[in-house]
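> The primary structure of each chain is shown beneath.
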Amino acid sequence: MNDGHGLGGHPEWGQPHGGGASGEAYRRDLFTYLSGLALALILTAVPFGLVYWHAMSTFSLWIAIGLFAFVQAMVHFRCFLHVNPPQEKVDELWLVLFTVLILVMMAGGTVWILGNLHSRMY
Amino acid sequence: MSENTLDNPGLRLRASYHHVNREDEVNFGFWVFLMSDAIIFGLMFATYASMRHATAGGPGPTQLFDIGSVAIQTGALLLSSVVYGMASLAMKYGSGCRSVIAWLVLTLLLGLTFLGFEVHDFLTMFAAGGGPDRSGFTSAFFGLVPLHGLHVTSGCLWMVVLIVQMLRYGIDDDVRLGVQRLALFWHFLDIVWIVIFSLVYLGGLA
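Residue numbers (our numbering), protein chains in the order written: chain F, 1 to 122; chain C, 123 to 328.
Do not take every clue at face value.
[As the list claims (entries may be wrong)] Computed footprint of chain F on chain C, listed as stretches where at least three residues anywhere in the stretch have a Cβ under 8 Å from a Cβ of chain F:
1) 143-155
2) 280-289
3) 310-316
[To be verified] Chain F is faced by these chain C residues, among others (derived, beta-carbon under 7 Å):
4) Q185
5) I189
6) T196
7) L327
I should point out that these hints are in silico values taken from the structure, not numbers from a laboratory.
Glycine is no exception: its CB is placed at the ideal position from the N, C-alpha and C atoms.
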């Protein structure tokens, strides 16, 4: 079911392979982590820089921070947690998406209702 | 595939296969835990967002937060995540016990660096009159951010336990499963931190 060689799936979850035959797979897995690191560094540094130098208005900054955070979370799921859509093992993906749905309803609903209440209090 | 397979007693989100091995089963169960943890964090975020302006005349983000320290914490945690990935690869490709332990120790040191800077920040906030009892804003902050810090602390403890297990027993099936689950936990905590530094720190200082 999981030969551990795929770029997706769960690269680090297989049994030890050893030997030169796995050299290619090893480099591919290593590349996944290192490209994740490079992307994450960029996606972190840009919003920190924008806030540090106050490059935009506050509202634009919030939008930019939110977008960069979303993309970086995707990169982390993809490169570090190895949750990828076109793989055989998609149970984790469904679980994550279901959790996101619950979070949108509960956390979003909380902010919505309390924000509404707040605006009516003053 | 006969002795080692079990019907998955967990949530069936997809009925494409009926048998899974123990490794997949245990790891999927851990995913379920992580996602329930994500909901706790999500609601703490919602509480924080609601309390964000309830400073009651006390200090706000610009008085309390230090973007330099947060940048260091972010870097340390991100790097520790990738270094943990190196430990996972060392285990997968059979590089040996010593190599896995070396990467885990490096991860641990980066995790402790993160915690050191975080605790320093909290003490600075206390000194600046921004303790959890000051306002709704600081209460929500100290409910959310140290909760993540406690998770990182327990991750560090778990890492120490795994290192001791590996020194004692080498890499057996239990250790292998432990390293895999701690990998999920550690990478998950890094994702929670993305939301913390974006929403709490950068959002507050913007």
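> Now tell me, hint by hint, if it's right for this structure.
Results for each hint:
{"no.": "1", "hint": "143-155", "result": "holds (count 7)"}
{"no.": "2", "hint": "280-289", "result": "violated (count 0)"}
{"no.": "3", "hint": "310-316", "result": "holds (count 4)"}
{"no.": "4", "hint": "Q185", "result": "violated, 16 Å"}
{"no.": "5", "hint": "I189", "result": "holds, 6 Å"}
{"no.": "6", "hint": "T196", "result": "holds, 6 Å"}
{"no.": "7", "hint": "L327", "result": "holds, 5 Å"}
In summary, the numbered hints that this structure violates are 2, 4.
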